[in-house]
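*Asks:* Sequence:
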Amino acid sequence: MAGPNRHLLPLLLLSIAALFFYSYYHSTLHAFTPTPNPHSTFPLHTSHTPHRDFTFIIKVLAYNRLDSLARCLRSLAAADYLSDRVHLHVYIDHFAFVNGSTDVDRMLEDSHRILEFADGFSWKFGEKLVHYRTQNAGLQAQWLEAWWPESDDEFAFVVEDDLEVSPLYYKFLRSLIVNYYYGDPDFRPYIYGASLQRPRFVPGKHGNKIQLDNGTRIFLYQLVGTWGQLLFPKPWKEFRLWYDKHKAKGIKPFLDGMVTNGWYKKMGERIWTPWFIKFIHSRGYYNFYTNFLNERALSVSHRDAGVNYGKTAGPDSNLLDENSLDFNLLEMQPLKNLKCAETGNCSYCEPIWSIGDGHKEPDLQL
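Numbering-wise, our numbering puts 261 at position 217 of the sequence shown, and it's gapless, one number per residue.
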């Protein structure tokens with residue numbers, strides 16, 4: 045028996061060596077390493093294995109607008125969640141205490157009516173949480189304190205209470221998460237989320253106009269969208285730490301040539317967007333946006349009177365639904381084929397905001 049075993053030994057060693065070189069060749073062939081971002085503080089993804097068991101949490105930010113909140117929650121409850129578990133967290137800000145105010149009883153009554161409505165609202169898709177603040181936090185704290193991701197597989201969809209969403213919104217966001225965040229080997233760690241609002245605004249005083257052809261449905265753009273913003277976990281954590289550092293050192297969120305400077309000078313710490321805009325500009329991060337034509341979007345702000353509007357301005361867009369859908373909403377091109385607002389190719393994404401002096405606020409042209 046010893047003789048045949050001696051003949052088999054070289055064949056066995058040859059097979060092991062062949063298997064090793066085959067495995068090494070294919071691991072080097074398919075490995076993908078994105079272009080490093082020198083400013084990023086979290087590790088780059090090398091690849092994404094589909095992991096569809098993610099957590100999706102809706103964060104609704106409310107204040108003193110019962111009718112707005114009711115419209116928002118009802119639109120969220122009317123969406124198709126595909127039998128997924130989707131959690132709903134409602135954050136109700138308290139009114140500010142003003143000494144000598146004669147409206148305290150009325151404001152208490154309004155707040156308690158909102159709380160009662162949120163408490164009684166039926167949410168059958170997952171956990172419902174209502175957070176009622178003891179004092180006025182303001183819009184900045186409402187956003188920044190609403191979420192700290194528990195894992196890299198937790199996503200937050202943040203909506204303010206005057207927002208209305210399409211019944212199709214979750215199908216689209218779920219497809220985007222599965223296809224890009226998990227399924228695309230070219231996924232970039234500098235993509236921080238997805239906005240469902242219709243892109244209308246360039247924040248630079250001499251911002252470049254964006255030109256997209258009618259066939260472009262999804263593209264990349266730096267600006268955050270506060271009217272229905274999906275946040276990815278790692279970039280949000282990075283922003284929160286960046287914010288803490290800058291705030292602790294007394295650094296202000298001013299960015300040369302940006303109209304957000306005027307916002308901050310006027311509203312100060314009541315708003316959070318100047319902070320985030322400066323962060324993503326410094327990092328070179330990007331956001332998914334949609335281009336559905338005919339002023340259609342998966343989320344619509346009714347721009348009700350409140351912190352951002354002195355009086356109600358009305359819907360900013362037309363809500364996309366089954367009746368107005370005339371294309372395949374869930375068709376997702378490979379990430380490498382998506383256009384970056386100005387450059388036209390996501391492999392060469394660069395900041396598109398023009399930095400300089402000037403006075404005109406240009407619109408976003410699609």
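These aren't lab readings, by the way, just hints derived from the structure by calculation. Incorrect hints may have been included.
Unchecked claim - Below, simulated DSS-like cross-link-like pairs (lysine-lysine); rule was C-alpha separation at most 30 Å, straight line:
1. Lys215 - Lys168
2. Lys293 - Lys172
3. Lys310 - Lys291
4. Lys310 - Lys296
5. Lys172 - Lys296
6. Lys278 - Lys380
7. Lys281 - Lys291
8. Lys310 - Lys281
9. Lys309 - Lys296
10. Lys281 - Lys296
11. Lys293 - Lys278
12. Lys293 - Lys215
13. Lys278 - Lys289
14. Lys309 - Lys293
15. Lys293 - Lys168
16. Lys281 - Lys309
17. Lys289 - Lys309
18. Lys289 - Lys310
19. Lys215 - Lys172
20. Lys291 - Lys309
21. Lys309 - Lys215
22. Lys281 - Lys293
23. Lys168 - Lys278
24. Lys296 - Lys278
25. Lys281 - Lys380
26. Lys278 - Lys291
27. Lys293 - Lys310
To be verified - Across the chosen pairs, the derived CB separations fall in these ranges:
28. His138 - Asp111: 13 to 23 Å
29. Gly306 - His175: 39 to 49 Å
30. Asn381 - Leu152: 51 to 61 Å
Note that beta-carbon positions come from the ideal geometry of N, C-alpha and C, so glycine has one too.
*Asks:* Tell me the numbers of any earlier hints that the structure contravenes, in ascending order.
*Replies:* 2, 5, 12, 15, 21 and 29
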